[in-house]
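Asker: Hey, can you work out the whole structure from these sequences and the hints?
Those sequence lines, one after another, are chains Z and L.
Every letter in the first sequence is one number past the one before it in this note's numbering, and letter 21, counting from 1, is 21.
Every letter in the second sequence is one number past the one before it in this note's numbering, and letter 61, counting from 1, is 61.
Just so you know, the hints here were simulated from the structure itself, not pulled from any lab data.
Computed from a prediction, not measured in an experiment: that's the story for all the values here.
There's no promise every hint is true.
Chain copies aren't distinguished; within one or between two, either way the pair holds.
DSS-like mimics (lysine-lysine), calculated; alpha carbons at most 30 Å apart, straight line [said to hold, decoys possible]:
no.: 1; residue 1: 223; residue 2: 130
no.: 2; residue 1: 269; residue 2: 90
no.: 3; residue 1: 115; residue 2: 246
no.: 4; residue 1: 90; residue 2: 118
no.: 5; residue 1: 246; residue 2: 39
no.: 6; residue 1: 23; residue 2: 39
no.: 7; residue 1: 130; residue 2: 50
no.: 8; residue 1: 269; residue 2: 223
no.: 9; residue 1: 23; residue 2: 269
no.: 10; residue 1: 246; residue 2: 110
no.: 11; residue 1: 76; residue 2: 24
no.: 12; residue 1: 50; residue 2: 223
no.: 13; residue 1: 192; residue 2: 10
no.: 14; residue 1: 246; residue 2: 50
no.: 15; residue 1: 76; residue 2: 246
no.: 16; residue 1: 29; residue 2: 192
no.: 17; residue 1: 246; residue 2: 90
no.: 18; residue 1: 24; residue 2: 118
no.: 19; residue 1: 115; residue 2: 240
no.: 20; residue 1: 130; residue 2: 90
no.: 21; residue 1: 186; residue 2: 89
There are 2 protein chains.
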Amino acid sequence: MVKEVITSTKNNRVKTLVKLRQKKLLREKLGQFLIEGYKELSEALKSGVKVIELYHCPTFFRDDSYIALLEDAEAKGANVVEVTEDVFKKISHREGPDGLLGIGETWTLKLEDLKLSKNPVIMIVERMEKPGNLGNVIRSAEAAGADALIVSEPMVDVFNPNVVRASLGMVFSLPIAVSDNESVLKFLEENKITAFAATPHAESIYWDADMSGPAAILVGTEKGGLSDFWMKRDSVQRIKIPLEGKQGDSLNASVASALMLYEALRQRKG
Amino acid sequence: MVKEVITSTKNNRVKTLVKLRQKKLLREKLGQFLIEGYKELSEALKSGVKVIELYHCPTFFRDDSYIALLEDAEAKGANVVEVTEDVFKKISHREGPDGLLGIGETWTLKLEDLKLSKNPVIMIVERMEKPGNLGNVIRSAEAAGADALIVSEPMVDVFNPNVVRASLGMVFSLPIAVSDNESVLKFLEENKITAFAATPHAESIYWDADMSGPAAILVGTEKGGLSDFWMKRDSVQRIKIPLEGKQGDSLNASVASALMLYEALRQRKG
Numbered sequence: 001m002v003k004e005v006i007t008s009t010k011n012n013r014v015k016t017l018v019k020l021r022q023k024k025l026l027r028e029k030l031g032q033f034l035i036e037g038y039k040e041l042s043e044a045l046k047s048g049v050k051v052i053e054l055y056h057c058p059t060f061f062r063d064d065s066y067i068a069l070l071e072d073a074e075a076k077g078a079n080v081v082e083v084t085e086d087v088f089k090k091i092s093h094r095e096g097p098d099g100l101l102g103i104g105e106t107w108t109l110k111l112e113d114l115k116l117s118k119n120p121v122i123m124i125v126e127r128m129e130k131p132g133n134l135g136n137v138i139r140s141a142e143a144a145g146a147d148a149l150i151v152s153e154p155m156v157d158v159f160n161p162n163v164v165r166a167s168l169g170m171v172f173s174l175p176i177a178v179s180d181n182e183s184v185l186k187f188l189e190e191n192k193i194t195a196f197a198a199t200p201h202a203e204s205i206y207w208d209a210d211m212s213g214p215a216a217i218l219v220g221t222e223k224g225g226l227s228d229f230w231m232k233r234d235s236v237q238r239i240k241i242p243l244e245g246k247q248g249d250s251l252n253a254s255v256a257s258a259l260m261l262y263e264a265l266r267q268r269k270g
Numbered sequence: 001m002v003k004e005v006i007t008s009t010k011n012n013r014v015k016t017l018v019k020l021r022q023k024k025l026l027r028e029k030l031g032q033f034l035i036e037g038y039k040e041l042s043e044a045l046k047s048g049v050k051v052i053e054l055y056h057c058p059t060f061f062r063d064d065s066y067i068a069l070l071e072d073a074e075a076k077g078a079n080v081v082e083v084t085e086d087v088f089k090k091i092s093h094r095e096g097p098d099g100l101l102g103i104g105e106t107w108t109l110k111l112e113d114l115k116l117s118k119n120p121v122i123m124i125v126e127r128m129e130k131p132g133n134l135g136n137v138i139r140s141a142e143a144a145g146a147d148a149l150i151v152s153e154p155m156v157d158v159f160n161p162n163v164v165r166a167s168l169g170m171v172f173s174l175p176i177a178v179s180d181n182e183s184v185l186k187f188l189e190e191n192k193i194t195a196f197a198a199t200p201h202a203e204s205i206y207w208d209a210d211m212s213g214p215a216a217i218l219v220g221t222e223k224g225g226l227s228d229f230w231m232k233r234d235s236v237q238r239i240k241i242p243l244e245g246k247q248g249d250s251l252n253a254s255v256a257s258a259l260m261l262y263e264a265l266r267q268r269k270g
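Answerer: This is how it looks when you write it as structure tokens:
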């Protein structure tokens, strides 16, 4: 099955792989991004993401399912390339790599492409900066069965390798769109979706809000919260998560998102 | 205020600081542990943790509140020691250090020392391995107003610097005990606390469980879940968090903990 082996860390393709990890502009220019690890690549293949190339180093494989994944990827059109241990360590961005690193083809992330259910729940993050946080929120939103996640006023690239990783590959199965506040507001209005803004300054607790109809849950940055665009808008309902501890002054973004998404789910199913 | 300055990375105390970061056995032997960062040190001082020494490098300070913290620590008995930039980089375990690193005195973490409210909620983690996960669960439990957190069959040291950090210093305000399964079970029985075990294999959803009385929420490792000690015990109620996504196969431990702790809170307050 294997047709070529890269043995030099100075190989040009190795250099491109390192740049694809670091440079958002190159990812956009080439329309390509990195997918590292068995779990993430399985999710990508399952979700129909086009895997263009698959670099692998069998020394690191953990069991035979890795071989099956290579075969599956090749059958779906991936160019499979073996590399030496040194080369793999150079292209990997993990501690404890598992010997699989793919190049995937990016796709468009447009609001107008989102397909919503009859009674949708949408997660919206505004100006989120940390890739790990975004990945974690994606994971929570996918688990809670959200229809989609919208990244408004993006500060981080959805195809950043740390987003892919923190989401455990859920970035491939959850529909995601990237947009700006004005367009997101218009989208919510057109789809008759009520926006709920999470803020410590609200009077209502999230479990007292009626999220049984079409609902969008908005969270901002850990430091500054949501912008006035959402906070000062009459059509937006402000809700808070009570902090009951002696010192507690905030919750992690993915925890806060999960609490509100699961409350919406409870109100629908409970 | 400042009496001494360490300028050499080869200073013996610098070596001890590095060892305190890495070695659990040394932390136990000396009864000392590291507290790095303004936020974490403020929480420690506020919660009455004894800060024995406070190493600092003013070049990294972000504002004047750092000076106030030094003064507060010194007034409470800390030996304040200035170090050079190079030395601080050597003793710090963060990217982007803020110039404050203290040595705190550990305290005992005994089950019998926990003081419970009349209708307590307790978080129990079994065999948790990753310090970051434990710290995040501590942060969630503190925010949800849990009475205490119990680490059963410990695999990670509560005084590990990554636990302190991921908890954002909440490790200082939330009462914590470390014990073994047999003693924890006895403690729950004596205090008439119902145990709820989180597992994907349960039939009841967590929001359908009655957590309005004295309740303990148990989570296991991300990989293996809870052990049979809890899973096969008749007195333990098994509950699950529904996973509604197309691919979702688990939730992060701190997210799962927060969902169940906030459900207990909702049932008490809602």
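Asker: The structure should be examined with respect to each hint, and the outcome stated for every one.
Answerer: So, going through the hints one by one against the coordinates:
In this assembly of identical chains, residue 223 and residue 130 lie within 30 Å of each other by CA distance both inside one copy and across copies; the values are 11 Å within and 25 Å between. Proximity of residue 269 and residue 90 under a CA criterion of 30 Å is satisfied in neither setting, with 48 Å inside one chain copy and 53 Å between copies. Taking CA atoms no more than 30 Å apart as the test, residue 115 paired with residue 246 passes between copies only; the shortest distance there is 15 Å, against 43 Å inside one copy. Neither within a single protomer nor between protomers do residue 90 and residue 118 lie at most 30 Å apart by alpha-carbon distance, with minima of 47 Å and 57 Å respectively.
In this assembly of identical chains, the alpha carbons of residue 246 and residue 39 lie at most 30 Å apart only when taken from different copies (15 Å versus 39 Å within one copy). Only within a single protomer do residue 23 and residue 39 lie at most 30 Å apart by alpha-carbon distance; the minimum there is 23 Å, versus 32 Å between protomers. Within a single copy, residue 130 and residue 50 get their C-alpha atoms as close as 26 Å, which meets the 30 Å cut-off; across copies the closest is 33 Å, which misses it. With identical chains, the CA atoms of residue 269 and residue 223 are at most 30 Å apart between copies only, with a shortest distance of 28 Å across copies and 33 Å within one.
Neither within a single protomer nor between protomers do residue 23 and residue 269 lie at most 30 Å apart by alpha-carbon distance, with minima of 43 Å and 48 Å respectively. Taking identical chains as interchangeable, the C-alpha atoms of residue 246 and residue 110 lie at most 30 Å apart only when they sit on different chains, with a minimum of 21 Å there against 43 Å within one chain. Taking the shortest Cα distances, residue 76 and residue 24 sit within 30 Å of each other inside one copy (26 Å), while across copies they are farther apart (48 Å). Only between protomers do residue 50 and residue 223 lie at most 30 Å apart by alpha-carbon distance; the minimum there is 29 Å, versus 36 Å within a single protomer.
Within a single copy, residue 192 and residue 10 get their C-alpha atoms no closer than 55 Å, and across copies no closer than 65 Å, so neither meets the 30 Å cut-off. Within a single copy, residue 246 and residue 50 get their C-alpha atoms only as close as 49 Å, which misses the 30 Å cut-off; across copies the closest is 19 Å, which meets it. In this assembly of identical chains, the alpha carbons of residue 76 and residue 246 lie at most 30 Å apart only when taken from different copies (21 Å versus 54 Å within one copy). Taking the shortest alpha-carbon separations for residue 29 and residue 192, neither the intra-copy value of 36 Å nor the inter-copy value of 62 Å comes in at or below 30 Å.
In this homomeric assembly, residue 246 and residue 90 never come within 30 Å of each other (Cα to Cα): the closest approach is 46 Å inside a single copy and 33 Å across copies. In the homo-oligomer, the alpha carbons of residue 24 and residue 118 never lie at most 30 Å apart, since the shortest distance is 35 Å inside one protomer and 54 Å across protomers. Taking identical chains as interchangeable, the C-alpha atoms of residue 115 and residue 240 lie at most 30 Å apart whether they share a chain (29 Å) or sit on different chains (29 Å). Proximity of residue 130 to residue 90 under the C-alpha cut-off of 30 Å is found in both arrangements, the shortest distances being 24 Å within a copy and 26 Å between copies.
In this assembly of identical chains, residue 186 and residue 89 lie within 30 Å of each other by CA distance neither inside one copy nor across copies; the values are 46 Å within and 49 Å between.
Going down the numbered hints, you'll see the structure goes against 2, 4, 9, 13, 16, 17, 18, 21, while the others check out.
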